[in-house]
Amino acid sequence: MSVVTIEGLTKRFDGGTVALEGIDLAIEEREFVSLIGPSGCGKSTLLRIIGDLIKPTTGTVGVNGKPAAQARADRDYGIVFQDPVLYDWRTVAKNISLPLELARWNRRRRNERVQEMMRLVELTGFESHHPWQLSGGMQQRVSIARALSFDPALLLMDEPFGALDEMTRERLNLELLRIWEASGSTMVFVTHSIAEAVFLSTRVVVMSPRPGRISNVITVDLPHPRTAAIREDPRFFELVTAVREALHLGSDLDRKLEGPAAVEAQP
Amino acid sequence: MATIAAEQPAGHRRAAATRSAAGRVGMLLLVLAILWGLWEGYRWLWIREGWTWPFVVDSTTMPHIYDILRQLFRNPTSGAGGDILLVQLLHAAWFTAKEALVGFALGASFGFLLGVALSQFRLLQRGLLPYVVASQTVPILAVAPIVVVYLGSLHVAAWFSVAVIASYLTFFPVTINTLRGLQSTDRRALELMRSYAAGRPSVLWKLRIPAALPYIFTALKVSATASIVGAIIGEAPSSIQEGLGGFIVNFNQYYSLNPENLWATNLIAALLGIAFFLVIVIAEKIVVRRAPENVA
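Heads up: the sequence lines are chains L and D, in that order. Taken in order, the first sequence gives residues 1 to 267; the numbers are from this note's numbering. Taken in order, the second sequence gives residues 268 to 563; the numbers are from this note's numbering.
If you're looking for bench data, these hints aren't it; they were derived computationally from the structure. Since the model is a prediction, treat every value here as computed from it, not as a measurement. Treat the hints with care, since some could be wrong.
As the list claims (entries may be wrong) - Result set (SDA-like, lysine to any residue): computed pairs, CA atoms no more than 20 Å apart in a straight line:
1. D:473 x L:103
2. D:552 x D:481
3. L:55 x L:5
4. L:94 x D:470
5. D:473 x L:111
6. D:473 x L:105
7. D:552 x L:87
8. D:473 x D:452
9. L:66 x L:153
10. L:66 x L:5
11. D:488 x D:372
12. D:473 x L:177
13. L:94 x D:456
14. L:94 x L:133
15. D:473 x L:75
16. L:55 x D:454
17. D:552 x D:281
18. D:365 x D:424
19. D:365 x D:534
20. D:473 x L:90
21. D:552 x D:489
22. L:55 x D:464
23. L:94 x L:126
24. D:473 x L:85
25. D:488 x D:377
26. L:94 x D:477
27. L:94 x D:466
28. L:94 x D:480
29. L:94 x D:365
30. L:94 x D:476
31. L:94 x D:457
32. D:488 x D:403
Required output: the full structure, derived from the provided sequences and hints.
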């Protein structure tokens with residue numbers, strides 16, 4: 001059964017801007033799917049619609065065979081934003097246990113799970129620190145631990161490493177793969193880094209802007225478990241090239257459709 | 268693991284804290300000395316040159332600071348017996364502080380609850396907020412006697428009427444800032460709560476209120492000093508003699524004979540206000556856990 005099923009989805013914002021048009025996508029269990037595209041292609045909007053944080057204009061979104069709203073009410077997914085969005089007044093441990101408190105877990109189970117999560121993201125020993133005492137990369141790991149704490153079947157990530165430096169980003173990519181393999185969750189990952197998308201994913205969904213639509217889907221047939229060495233593999237470069245060409249094709253198409261005005265708007 | 272700024276050795280941190288505290292006390296003394304110098308310098312210059320603008324300077328309009336301080340250690344009622352002025356004023360300050368404290372507690376609680384209610388019900392906010400604002404345009408001097416007479420007819424103790432008057436000045440900043448704070452919650456933090464399918468009470472209790480605390484404490488600082496002004500003003504129409512308000516009314520009548528008495532009373536009232544303010548600052552340090560750069 002597909003974890004995410006999107007059929008005939010359109011999103012038109014109040015001002016009349018068409019953010020997404022004709023989106024059809026199915027994401028299977030244990031997949032790692034990246035949504036990639038230039039700014040304004042609606043990839044974050046699509047992620048928010050899957051999470052029922054905003055409503056589509058037309059079309060249906062199913063998560064675990066239920067409407068997205070029901071899936072949200074059932075806490076079927078965890079979400080990680082570009083900023084960690086940790087609560088300053090809570091310690092690291094208390095931040096991770098926030099969703100568990102809301103799901104009315106008792107204190108003992110909460111504490112056990114928090115310890116488990118601290119080990120998973122390798123932050124043991126930082127339980128009683130406050131968020132502002134951690135580095136950006138550590139904060140984002142807390143945010144991932146919080147999203148995974150209640151064991152959701154689906155993890156939605158909106159450019160989670162976009163604000164981090166390249167070194168931290170590559171380390172966290174490896175960690176995320178390890179976490180994905182350990183947790184058994186299905187991942188939907190928004191990014192605008194081609195290398196990151198190829199390195200992490202089982203499938204890369206390439207999107208193009210104005211209006212946002214899916215222009216290509218590329219299956220990544222690199223072996224698992226992935227190590228840093230894969231970044232040197234010729235097949236890795238081929239796939240990166242394929243995604244890059246798909247992205248350029250998408251924006252060329254965009255230029256042809258919209259004429260000279262759109263060309264001027266390109267940076 | 269990465270090292271963290273907050274994890275310096277404890278000894279260094281303590282030494283740094285002591286240094287910064289010493290620096291602050293030094294700064295305070297310096298500012299006091301400068302203010303003292305300005306007062307006496309102004310006084311000296313205006314008297315020497317005989318300037319009369321904006322007002323005539325003499326020992327009645329601007330007594331020497333040391334005369335004011337010396338007056339604290341004298342008995343203001345020239346007859347034998349009775350305490351020195353400082354002891355009398357401290358008793359009065361204690362009395363007023365109790366009224367102000369009860370008024371502050373009433374006003375702050377009411378103000379907070381009103382702010383929460385207004386934030387939760389948009390219709391209530393639209394209907395009620397104009398009247399909340401209007402309540403503060405009515406001069407407290409006009410409201411005070413009404414409160415005293417009304418509560419007096421219900422056989423409520425006079426000091427409690429004063430506390431109610433103080434609470435009238437206290438609640439407004441708390442309501443406005445609570446409302447503002449509850450409405451300025453980070454959008455993504457709200458989305459996060461939505462993703463957890465959190466109900467309105469949980470969002471309020473676990474996110475909106477903790478996030479609004481810096482706003483609320485800003486209001487509490489304003490209200491803490493306002494509650495003392497309210498208590499002092501409230502004492503006049505209640506004919507309460509024991510508080511600072513009673514002393515001010517009394518010394519006002521004999522100002523031309525003994526201006527130092529009124530100035531000394533003002534000094535004690537100001538110190539009481541500062542003490543209230545500091546209590547809130549300390550409470551804020553304990554309660555509000557925020558990144559250092561986010562503390563208002």
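Is the hinted pair residue 94 (chain L) and residue 477 (chain D) satisfied, with a Cα-Cα distance of at most 20 Å?
-> The hint holds at about 14 Å.
Take a quick look at whether residue 94 (chain L) and residue 476 (chain D) sit within 20 Å of each other, Cα to Cα.
-> holds, 16 Å
Hint consistency between residue 473 (chain D) and residue 177 (chain L) [alpha-carbon to alpha-carbon, up to 20 Å] = violated, 32 Å
Sort out whether residue 87 (chain L) lies within 20 Å of residue 552 (chain D), counting only the CA atoms.
-> holds, 17 Å
Restraint status (C-alpha distance of residue 473 (chain D) to residue 103 (chain L) at most 20 Å) | holds, 13 Å
Quickly compare the C-alpha distance for residue 55 (chain L) and residue 454 (chain D) to 20 Å and report which way the hint goes.
-> holds, 16 Å
20 Å limit on alpha-carbon distance, applied to hinted pair residue 488 (chain D) and residue 372 (chain D) = Given pair residue 488 (chain D), residue 372 (chain D) holds - Cα atoms ~13 Å apart, limit 20 Å.
Could you grab the alpha-carbon distance between residue 552 (chain D) and residue 281 (chain D) and see if it respects the 20 Å cut-off?
-> holds, 17 Å
Measure nothing beyond the straight line between the CA atoms of residue 55 (chain L) and residue 464 (chain D); if it is 20 Å or shorter, mark the hint as holding.
-> holds, 15 Å
When you check the alpha-carbon spacing of residue 473 (chain D) and residue 452 (chain D), does it fall within 20 Å?
-> holds, 12 Å
Is the Cα-Cα distance between residue 66 (chain L) and residue 153 (chain L) 20 Å or less?
-> Distance of about 13 Å is within 20 Å: holds.
If you draw a straight line from the CA of residue 552 (chain D) to the CA of residue 489 (chain D), is it 20 Å or shorter?
-> Given pair residue 552 (chain D), residue 489 (chain D) holds - Cα atoms ~16 Å apart, limit 20 Å.
When each numbered hint is compared with the structure, violations occur for hints 12, 29.
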